[in-house]
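Visitor: Fit chain B to the supplied structure of chain A, relying on the hints for placement.
Now for the letters of each chain:
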Amino acid sequence: MLRSCAYEKEVMEALKAGHWPEGCAPELRAHVESCATCSDFVLLTQAFQSAKSESVQEAPTGSPGLLWWRAQLRRRNAVTERVSRPITIAQTFAWIVTSVVGVILIASQYGDRVRWASWWAGLEPAKLLHFLSGSLVKPDGNLLLIIPGLGVLALLSGIVVYLASEKS
Amino acid sequence: MRKDDTTGEYVIANVEARAALRADELPMDSDAFAGFYQRSAPALRAYLVRVSGNHALADDLTQESYLRFLCATWPEGGEVNYRRYLFRIATNLLRDHWKRRKETYLEDVPEAFLAARDTLTDLDSHSLLGPAMAQMRPRDRQLLWLAHAEGYSHREIAEITGLGAASIRLLLFRARHKMARLLRKQMATDRRPA
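Here the protein sequences come in this chain order: A and B.
Residue numbers are given in this note's numbering: position 37 of the first sequence equals residue 37, and the series is strictly consecutive.
Basically this note's numbering = 1-based index in the second sequence + 168.
Next comes chain A alone, as it looks inside the complex (with noise of 0.2 Å):
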C-alpha cells in the first residue's frame, strides 16, 4: 500500500540542505522516529549520500580535450555520411534502372527471335565490320532511338532522386 507521510516533504528539505539532524525542531526529530515512511527516508538518503561521497573520490578516467575532439570527429563523419547519402540513393537508383532497361532489352531481343548463338559463331572480323558499318549507316530505327532515349531516362532519374534527397 502506497502511504505518504505530511512531513515528508520537511524531511527531505533538512536532508538536502544538510540540517538534519542537528538543525532540525526537536518535534521534527521526534516525528521521524516515530514514522516508518520517514525514518526509511532518513536511512537510506544517509546511506545514499555517504555512499556517494565515497565515489566520488575516485577521478573518472579520460580526459575532457580527448572526449570534445572525439566528439568533433564523430559529428564530422555524421556530417559526411549524411552529404554522401543522397549519392548512394542515386548511385543506387540509377544501376536497378539501368539493369531493369538492360533485362528488358535482352527479353525483347529474345522475343524478336534472334538467334544469339548462331550470330555469335556466324561471327567474323569481316562480318562485324560491315555490321558495325551498316548499323551506323543504315540504323535500325527502333533500336537506336530506345537504348539511348532508356539510358538518358536512366540519367535523369538519378539525377531527379539525388535532387529530391538532397533537397530533404
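Simulated from the structure, these hints should not be mistaken for laboratory data.
Note that the coordinates shown come from a computational prediction; the quantities given were computed from them, not determined experimentally.
Ideal Cβ positions, reconstructed from N, Cα and C, are used throughout, including at glycine.
Careful, some of the hints might be misleading.
Label-pair restraints from in silico Cβ distances [unchecked claim]:
no., chain 1, residue 1, chain 2, residue 2, range
1, B, GLY246, A, VAL56, 16 to 26 Å
2, A, LEU155, B, GLU247, 45 to 55 Å
3, B, SER198, A, GLU33, 44 to 54 Å
4, B, ASP264, A, GLY102, 39 to 49 Å
5, B, GLY332, A, ALA30, 28 to 38 Å
6, A, ARG70, B, ALA224, 17 to 27 Å
7, A, VAL56, B, ALA224, 10 to 20 Å
8, B, GLY203, A, GLU33, 38 to 48 Å
9, A, ALA30, B, TRP242, 43 to 53 Å
10, B, SER335, A, GLU81, 32 to 42 Å
11, B, GLU247, A, LEU153, 53 to 63 Å
12, A, LYS9, B, SER335, 13 to 23 Å
13, B, GLY245, A, SER4, 22 to 32 Å
14, A, ALA36, B, GLY203, 37 to 47 Å
Pairs of lysine-lysine residues, derived as BS3-like cross-links and limited to a Cα-Cα distance of at most 25 Å, are as follows [claimed, not checked]:
no., chain 1, residue 1, chain 2, residue 2
15, A, LYS52, B, LYS353
16, B, LYS346, A, LYS52
17, A, LYS9, A, LYS52
18, A, LYS16, A, LYS52
19, B, LYS346, A, LYS9
20, A, LYS16, B, LYS346
Guide: Below, chain B alone, put in the same frame as chain A:
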C-alpha cells in the same frame, strides 16, 4: 582551399564547413566543456559504478555518455538540464547494455542473477550500502540512486528513466521499503558480536 578545385577537396571543405557550423552552435567551447566535465563526471561515474557494479563498464559508459551528449542537440536551460540529460543518456546506455547482454528487459532480470555476477558487494565491503544494493533489481538501484544520492524529484527521474511519474512514485516507494529492510538487517548483523 579554392572552390573551383576539381578534386574531392571541395566536398571535404564543404563537409568541414558544415561540421564547423554545428560546432559553433554548441552552447560551450572546449574549455567550458572541460569545466563542466570536471564538475559532472564524478557524479555520473558514481551512478554508473553503483548501478552496474562494474568499474570498467562504468568508465566506458561515462565516456560514451559524454560523446553522445556532445554530438546531440543540447537541451535548453543550462548546466542543471545538461546534467539531467547526461544521466538520461547514461541510463539508456546502461539499459541497452543489459538488453544486449541478457537479451531480456532490465525489469525482468532477477536480482539474484545479477547480484551473483556483478561486483557490487566488492565495491565497498565495509560500507553498508554495497551488500544491500547487490540484492536490489538494477532498475530499483537506478531509481534509489537518482532519488537519494542525486536528489532528483519524481518528475525528473521520470524524465531520466523514461518511465511515468506515477509509476516512479510507486516503484520508488516499494524499492525504498525493501532497501530500508535490507539496510536494517545488515546493520543488525554488523552489530551482532562475532
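Visitor: Now tell me, hint by hint, if it's right for this structure.
Guide: Going down the list of hints, with the structure as the test:
For GLY246(B) and VAL56(A), the Cβ-Cβ distance of about 21 Å falls inside the hinted range of 16 to 26 Å, so the restraint holds. Between LEU155(A) and GLU247(B) the beta carbon distance is about 53 Å. The supplied range of 45 to 55 Å therefore holds. Restraint check, SER198(B) to GLU33(A): a C-beta distance of roughly 52 Å satisfies the suggested window 44 to 54 Å. For the pair ASP264(B) and GLY102(A), the beta carbons lie near 44 Å from each other, so the given range of 39 to 49 Å is met.
Under the hint 28 to 38 Å, the C-beta atoms of GLY332(B) and ALA30(A), about 36 Å apart, fit the expected range. Taking the beta carbon of each, ARG70(A) and ALA224(B) are about 18 Å apart, inside 17 to 27 Å as hinted. Against the hinted window of 10 to 20 Å, the Cβ-Cβ separation of VAL56(A) and ALA224(B) comes to about 18 Å, which satisfies the hint. Checked against the hint of 38 to 48 Å, the C-beta distance between GLY203(B) and GLU33(A) comes to roughly 43 Å, which is consistent with it.
Our hint of 43 to 53 Å for ALA30(A) and TRP242(B) holds, since their Cβ atoms are close to 47 Å apart. At about 37 Å, the beta-carbon gap between SER335(B) and GLU81(A) stays in the expected band of 32 to 42 Å. Checked against the given bound of 53 to 63 Å, the beta carbons of GLU247(B) and LEU153(A), roughly 57 Å apart, stay inside it. About 20 Å separates the C-beta atoms of LYS9(A) and SER335(B), a value consistent with the hinted range of 13 to 23 Å.
Checking the proposed 22 to 32 Å range against GLY245(B) and SER4(A) shows it holds: the Cβ atoms sit about 29 Å from each other. The hinted window of 37 to 47 Å between ALA36(A) and GLY203(B) holds, with their beta carbons roughly 43 Å apart. Of the supplied pair hints, the one linking LYS52(A) and LYS353(B) holds, its CA atoms being roughly 21 Å apart against a limit of 25 Å. Taking the CA atoms of LYS346(B) and LYS52(A), the gap is near 20 Å; set against the 25 Å cutoff, the hint holds.
Taking the CA atoms of LYS9(A) and LYS52(A), the gap is about 22 Å. The hint holds against a cut of 25 Å. Between LYS16(A) and LYS52(A), the direct Cα distance comes to roughly 14 Å. Compliance with the 25 Å bound is thereby established for this hinted pair. Note on LYS346(B) and LYS9(A): the hinted pairing holds, with a Cα-Cα distance of about 21 Å set against a maximum of 25 Å. Taking the CA atoms of LYS16(A) and LYS346(B), the gap is about 22 Å. The hint holds against a cut of 25 Å.
Checked against the numbered hints given earlier, the structure satisfies every one of them.
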